[in-house]
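Residue numbers (our numbering), protein chains in the order written: chain A, 1 to 327; chain B, 1001 to 1425.
If you're looking for bench data, these hints aren't it; they were derived computationally from the structure.
Everything numeric in this text was worked out from a predicted model, so none of it was measured.
For each residue, glycine too, the CB sits at the ideal point set by N, CA and C.
Please note that a few of the clues may not be correct.
Heads up, simulated DSBU-like pairs for lysine-lysine below, C-alpha to C-alpha not over 35 Å straight-line [claimed, not checked]: (1) A/Lys253 <-> B/Lys1158; (2) A/Lys319 <-> B/Lys1129; (3) A/Lys253 <-> B/Lys1376; (4) A/Lys244 <-> B/Lys1129.
Some chain B residues flagged as far from chain A (calculated, every beta-carbon gap over 10 Å) [said to hold, decoys possible]: (5) Glu1281; (6) Gly1282; (7) Met1423.
Listed below are the residues making up each chain.
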Amino acid sequence: MRELTYAQAIREAMCHEMRRDENVFLMGEDVGVYGGAFGVSVGMIEEFGPERVRDTPISEAVIAGAAAGAAVTGMRPIAEIMFSDFITISMDQLVNQAAKIRYMFGGKAKVPMVLRAPAGSGTGAAAQHSQSPEAWYCNVPGLKVVIPSTPADAKGLLISAIRDDNPVLFLEQKLLYRTKGDVPEGEYTVPLGKAAVHREGSDATVITYGRMLPMCMQAAEQLEKEEGISVEIVDPRTLVPLDKETVINSAKKTGRVLIVHEACQTGGFGGELAAVIADSDAFFYLDAPIMRYGGMDVPIPYCPELERNVVPVLENTKKKIIQLVRG
Amino acid sequence: MAHKVIMPKSGMAMETGKIIRWLKNEGDRVEAGEPLLEIETDKVSMEIEAVDSGVLLKILAHEGDDVPVTRAIAYIGEPGEELPEEAVKEETSKEIKAAVTSATNIGALKTSDERVPATPAAKRIAKEKGISLKDITPGGSRGQIKASDVAAARAAVKATPLAKAVAESSGLDLSAVSGSGFAGKILKEDVLAAKAAGESAQDTLIAHSAMRKVIAKRMFQSHAEIPAVTQNCVADVTELMALRNRFKTADTRPSINDFIILAVAKTLKEQPRFNASYTEEGMLIKKHINIGIAVALPEGLIVPVINDADKLTLRQISEKSKELAEKAREGRLAPGEYSGGTFTISNLGMFGVTSFTPIINQPEVAILGVCAIEQKLEMDAGQIVRRMKMGLSLTYDHRCIDGAQAAIFSNRIAEFLENPLLMID
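Make the full structure from the sequences, and use the hints.
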């Protein structure tokens, strides 16, 4: 299988769907000639023209609102918000319009739109361009929330998101754009609501997603060698809908759970995952309190050293797993 | 006011003391001067007497605990007296620390209503297997019972109390015994059968006592540092034995060893380079002649010291050596009584040993091994005569003593022993 970067995989998914379905189009700030702030849509305007790869004004409210409107009228828009931090400006359109229309019209209207946006810290872009706001959207019924962690998932999940008849927030990971991985060619979909078990293990389950996945994989491999601890790694891939079954089964299997995400720990999705497990019959299999390791409850600092350390890091992740297993 | 009982500092080098057993329980009446507990330092075990009279209100440090010197280990006061806040604090902080550091300590999480903290998994498994959580030793760092602890409890040997007691008294490991009772329960008969079948089937590890650790360290250090040479010679002790037999009663009769101490003390006085320590700069000749006598104990050995042996009469040496040996065997030696030696005598003669290579007791430079007295036939003026011969094995530090010097030294000791009258001055 050939390798693609995460960014190339996303572009391949968009191109694949735009070739397949004339109703699919891309809109966003500088997605056209410039190719997007992170170069994800480079070359697309040449193939599909400015009608289908549309530059928009710098107004996130307009981007989200126009996408919702286009979707209701039969199009399948892919809207790009340059930084996921600015989805805050789109929130009214997303929360009060896109998420509610299908319900309020008794299913007579549908909103097949995808809002793509890069999330996460690590690029030196400071407090307003580095957040991981996924938990906010999970609190809005009607929105689906997808976070791909590998190039293959980026392609497969985006194609599924485009074909979904509901608004999907597709949160890309800035620091993963340049990472490479095997990506199946042609038609390739990953269903929304199906978690991936990236690594089987018996001593502890680490539930993680996004750019924390490669870090946790590394921690698991090192712990296997250094401490003989066998770690299972579960990536939910889509937070809404959530594959509770896989999460609960893994918790039952190992009896010990650590949840790692870059987003601030307080109010983060880790709390929801912990509650899903504690509410289930996996509770009776837990042999240690469920542990969370999220980002610190601080704005992302500009100072690079601080920026690196306010989010989960390898050494601490290993320590927490050891504490979980041996404590 | 409650009085603190502290871990005493007996001896300059003592940093911690291990509590062997408390001789009083909490609530017991204690009089000042009464033995309160036994402790073990890296050198000896000893009894600690109560300094104050009263009731033993609270024991802070328990059997097996290694406690830094001067740390409070108990409180003595009047019944019902409130303990000083620090005592309670000390206790709690210790408990928390112990709970964090020790895997077997229940502490921090244990609440007054005696609910046992356990993980959901541990509770479920214990319930399924019909094990009471109270019977499980928690292994969690917060004192909680984990699934693995339940598994360990399940794997724990099932035996009747009698079988357990029999196994314990005969030092038998129950896990190696197969049970013939209900559900594999071990009965007394099983233990006895296993014992009869031979306990030697399994190797056992006997943990080192504090004394054994010290012996091991000191022996190895001496053996590793000193280029030691052992020279053997023989002393004719026929006359010495005759002389000894002329002492009337066993009470006043000095032992052969006492004569040897006397002979060594005199020889050391004449040849002070054997009463010395080796240093890089030179030989440190010791002013006092303090002779150590190795005394075998069930768990090792200790070397009580007869100070200024050269200034003592035979009778004084005899009395002192008897007293020290007795104290040593009872573990009652005071630190000053087993330190400060300048030369050591190790006597294995009573075991029939004919020659050995004693190891120098650092920082001394030589040690005299005394061997068995044997009957030998000798030609004397054309007649065959019976003589009593005793072997002497002298080990010395070749860094500062040479063979000829050592020979002169041991010959002189032999000379004293062969002509005991020479020792009278």
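These are the hints, each one checked on the structure:
{"no.": "1", "hint": "A/Lys253 <-> B/Lys1158", "in the structure": "holds (29 Å)"}
{"no.": "2", "hint": "A/Lys319 <-> B/Lys1129", "in the structure": "holds (33 Å)"}
{"no.": "3", "hint": "A/Lys253 <-> B/Lys1376", "in the structure": "violated (81 Å)"}
{"no.": "4", "hint": "A/Lys244 <-> B/Lys1129", "in the structure": "holds (29 Å)"}
{"no.": "5", "hint": "Glu1281", "in the structure": "holds (49 Å)"}
{"no.": "6", "hint": "Gly1282", "in the structure": "holds (52 Å)"}
{"no.": "7", "hint": "Met1423", "in the structure": "holds (68 Å)"}
The structure does not agree with numbered hint 3 stated previously, though it agrees with all others.
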